[in-house]
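Trainee: Read off the chains here:
There are 2 protein chains.
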Amino acid sequence: MIGLFDSGIGGLTVVRALLQKYPNVNFIYLGDTARFPYGNKSKETVERYAVEDAKFVIDKGAKMVIVACNTASSLAMEKLRKTYPGIPFVGVIEPAAKMAVQVSNKSIGVIGTRATVGSGIYDTVIHSLKPQIKVQQKACPLFVPLVEEGMFSDQITKIMVRRYLTSLRQANVESLVLGCTHYPFLQPLLQRFMGNKVNVINSAEAVVQEANDLYPDLFLETPDIHQKIAFTDTSAYNDDLAMRWLGKRVEIISV
Amino acid sequence: MIGLFDSGIGGLTVVRALLQKYPNVNFIYLGDTARFPYGNKSKETVERYAVEDAKFVIDKGAKMVIVACNTASSLAMEKLRKTYPGIPFVGVIEPAAKMAVQVSNKSIGVIGTRATVGSGIYDTVIHSLKPQIKVQQKACPLFVPLVEEGMFSDQITKIMVRRYLTSLRQANVESLVLGCTHYPFLQPLLQRFMGNKVNVINSAEAVVQEANDLYPDLFLETPDIHQKIAFTDTSAYNDDLAMRWLGKRVEIISV
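Chains as they are written, first to last, in the numbering used here: chain A, 100 to 354; chain B, 100 to 354.
Here chain A stands alone, though its shape is the one from the complex (with noise of 0.2 Å):
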């Protein structure tokens, strides 16, 4: 069994992306909808936040855990591996970073939250990974509340797109790592703005591909298939979004 949790639907990318890659692995997905957003809180609040998530799905099961969050992934991972020591952790940042760091060679542009951005997690991964490379982060704080309002193509999320990329454009980055599970929604029209000789980079396919990497026996069919999303808060327009979404019918439960 897989876990995987967020702060909410967002992370449900990466169960996407894990479900077009392997649609019949076992796995439990937790959303914090409850308690959504995380983006910008404090470190604590989200550590605090991340242990509780986690030992959700691992009392369900989870023999590996995937932090399906850029927030939790950029504050929380230390804490969870204290906290959880034989449970294996992978969170959304370093997959991300080297896939951006096998396409480019002098510079790589990183969105995501005040919280993701405010921590430099990007920028460390990837000077760690190629040290010569230059690291342009911006914070998108309203992509995440104009995703959940299913605005992925819409004339605001245009004028933001442009507003909050413009000098990433302008300062010719070679790849484009979208470090929000919810901007894979906006991927095409970031694609569109920033051109086609960009990158740009999906966490939610780059994390999926890693935990196959480093656990492929936990991606193997099993002939009894457990699929479950979880959510801290109950409503209907999140059951809704969660099955348009994924595309498919899977159990929702609530805690």
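Simulated from the structure, these hints should not be mistaken for laboratory data.
None of the values given here were measured: they were computed from a predicted structure.
Repeated chains share a single entry, so a pair holds when one copy, or any two copies, can fit it.
Okay, derived cross-link-like pairs now, DSS-like style, lysine-lysine, Cα gap no bigger than 27 Å in a straight line:
#1 Lys162 x Lys197
#2 Lys178 x Lys159
#3 Lys327 x Lys178
#4 Lys142 x Lys178
#5 Lys178 x Lys162
#6 Lys197 x Lys181
Using the hints provided, position chain B relative to the given structure of chain A.
Mentor: Just chain B, lined up with the frame of chain A:
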């Protein structure tokens, strides 16, 4: 001591209205920034959070509690009164509804979060006061993040005002109730869009007046002034915002 709580920093508009009229009153405000926002959450979750928030300000000595949050005022008043029978609670809904009814004969517009609008509470309260009045509601989910970003008169905010409020303007409503404590920051923009004939009702001012009418003793000046703001999540960003909004120094603690 007057207690106030909100899901975050929006309720500080109520503190601001309180201090403008009663600069030397004793108060304790709790902003539940660690679990912000409440606007898209379920009734059960909002009730649970509101009960915990109220406990905090009551434990600090509050003899009366202003629920400075429209979502909690819509969903949790009954639960609060049952849980703490000895404490009077004043929500933001009734005072704003009363004020709107006083200046309207035919139709009132109400804007708020998805949770507040979905609860239909303004409709119920306004009709109980003046059954013949037509109430038109509109959820404006992006206004809260726009206010949190300080985009009070941004191009984006203007586009969203037009998009959300055109139907209310076309309906010729006589008053517009700002059914969310964040919205007073958009009051100039909203007033301009709706026109000068429309009474824009600020629920922050309405609730302070109502609380003073009901419990005047708590508004008396004391020689020993205690004015405190507490946040459940520490963030220099929030502390800054609080100081700027209130225009004076108050003690800020984190819990």
